[in-house]
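> Since the structure of chain A is provided, determine the placement of chain B on it from the hints.
Chains as they are written, first to last, in our numbering: chain A, 1 to 250; chain B, 1 to 468.
These are computed hints drawn from the structure, not numbers from a lab.
Heads up, a few of these hints could be off.
Chain A side only, calculated, beta carbon under 7 Å to chain B, not exhaustive [unchecked claim]:
{"#": "1", "residue": "Asn56"}
{"#": "2", "residue": "Val187"}
{"#": "3", "residue": "Leu192"}
Note that beta-carbon positions come from the ideal geometry of N, C-alpha and C, so glycine has one too.
Single-letter residue listing:
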Amino acid sequence: MADPSPKPARVQLFATCLVEAFFPETALAAVELIEREGVEVVFPAGQTCCGQPAYNAGHRNEARAAARRQLSALAGDLPVVVPSASCAGMMKHHYPRLFSDPAEREAAERLAHRVVEFGEFLVRGLGVRLRDAGPPLRVAWHSSCHALREMGVVPFAKALLAGLARVDVVPLRRETECCGFGGIFAVKHPALSAAMAEDKLADLAATGAERLIAGDCGCLLHLRGAIEARGLPLRVQHLAEFLRERVHGG
Amino acid sequence: MGDSGFEARIEQALADAGLRRNFASAMGSFAARRLAVFPDAAALERLREQGAAARRRALARLPELLEELERALVGNGIHVHWAETAAVGNRIVLEILEAHGVRRVVKGKSMVSEEMHLNAFLARHGIDAVETDLGEFIIQLAGETPSHIIVPAVHKNRAQIARLFHEKIPGTPYTEEVAELNAVARRTLRRMFREAGAGLSGVNFAVAATGTLCLVENEGNGRMCTGVPPLHIAVMGIEKVIERLEDLPPLLRLLTGSATGQRVTTYVNLISGPRRAGDPDGPREVHVVLLDNGRSAVYADPELRATLQCIRCGCCLNHCPVYTRIGGHAYGTTYPGPIGKVLTPQLAGLERAGGLPFASTLCGACEEVCPVKIPLTRLLRRLREETVQAGAAGGAGAGAIERLAWRGYGLSAQHPRLYRLLFACGRWLGGLMPPVAALERWGRAHAEPRFARLSLRRLFRKRGIPDA
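Next up, chain A with everything else stripped away, as it sits in the complex:
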């Protein structure tokens, strides 16, 4: 694992809209894993959605309005931990592009520097060593496109999984291929989105793994919805929830 940078005393959590709406346990698990390292977590109340849905749908003004809200809600200089590479990527790489006003752009740059994806923070920010207390288990890892290409944080998630003594991580056949969520894409092109999900789930089934672990709730919402609609005996789970479960003993 990479050398940890100095451990902060406190961090802010940016939960993300999908976690708030559909996966609150992900936020609770993330907080628990951070707190057990002796770091305090605060949850700034004024936060909403990062703006990526609008940004990727071509509605730049709405995306900018959302970004402005987060700039004020996440004021300060604490690290901002985000349990989603896609939202973290939005804040880190796209917020500064949204503003032409120099003061706003500078504020966006400052926030961009503070944003850190959850798995990367556990490894580089906290240098965690997790003790695996769970039963033997086989899982597969799903690299979200933003984790893989925009944020480059997949190695951290994989390092965390590799650190679990009794977890066997098996590769998916098309590990680097998109699962077909794509936000507005899933609504504009449901047949394509479904075809991509089905291929991802077929790859998962072929591994014999009991679950698919990922670091992005967009992929999880999409794949979970596809699994339930088809009544498949598969399960998906966010990295934070999985790590908490292993630490607790399953």
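Positioned in the frame of chain A, the structure of chain B alone reads:
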């Protein structure tokens, strides 16, 4: 998104198991061959940087470079023609052919000629254009368009080609033997090469400093088209110009490695003019038609200009999770795949093609492999914005309800109380969500999303996590 035909073609393609198998296996093998030819990631990155720099350098001074190219071509004895539109380009080609009394043209592979719909135009004027690239030959027999910019007949399997040859080429017995099928095509085409009054080709790169046309190919048909008939006409988009010969090696390496996983193609043609006194062969006249057809408008936008860096290797198609599942025909455009989704709306207009940029998950697989580093996801997003704005102005793009929904999204993202109220509504309504179109479309492939029972704020308060 205006084009309901697109959605229907997607569903049709997805339902065609044979087609999906053909594409998945062909694209998978191209991707594997590319990796094999570029085993060193750091070296590939340096090469891509070099290629991108050469293309950016050329585009940065496109107008003067084109003038330089014209001077050099003319100096080499090549006739230069400028075509602002496809219609003008077609007319120019026709006039050259008619002036020479040509009734049959042999053609090397050229996507620009597809963009111009040149074959159909010439046919209407009584001129027979015969495709000689094997893939193009196959789809011309079938009366189809290319489904891939490098391997135009990749959607066809061997049995389909065997049946096609048997039915369309007189005296051909049904055979699935590749060597025999090749021999049939070769016999048919040899005669065409000898008899044709002119050869027509595309251009991969045009070197401004030396007036050289570079053309890569694997079958030798390109060399035959440009060398055997007495007249050679090359058609090219104005963006294909590069500054100097020294830019060619990295670009060729990137082009062939990214396209087919080859270190070099079987034939690399560098054409620098017609037959000179004492030359034993070669065309007596060479013409170049430089096609704009909307490229100047692309060039004029500093961000969108990156679209013109493209060297048409097809690598973004091979790696696209959408293209590899539906193939090229579903797009209904000359250029399919990621680059097609970016280029077509700019050439054909948002009204006609503004929906295309939305047919992407923005996964970034395309720009990760693009040999000249075109920022495809950024361009897709930019064109989505243009489509939305055009919609607001009454053109293509989102409908009124969709615009209203995004207005609502913007408000809730600005006002945390409203934002939380919406989630509370989701929790209360549970399975009784309003029947809006977006949810209906989501529901086609997904079970109803289950809203959290308690708000995150309440969950956090219960656990004593501070909210400021």
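> None of the hints should be skipped; say for each whether it holds.
Here is how each hint holds up against the structure:
About 6 Å separates the beta-carbon of asparagine 56 of chain A from the nearest beta-carbon of chain B, less than 7 Å, and the hint is met. Annotation: valine 187 of chain A was flagged as interfacial toward chain B, and the flag holds, the nearest CB pair being 5 Å apart, inside 7 Å. Checking leucine 192 of chain A against chain B: minimum C-beta separation of about 6 Å stays under 7 Å; hint holds.
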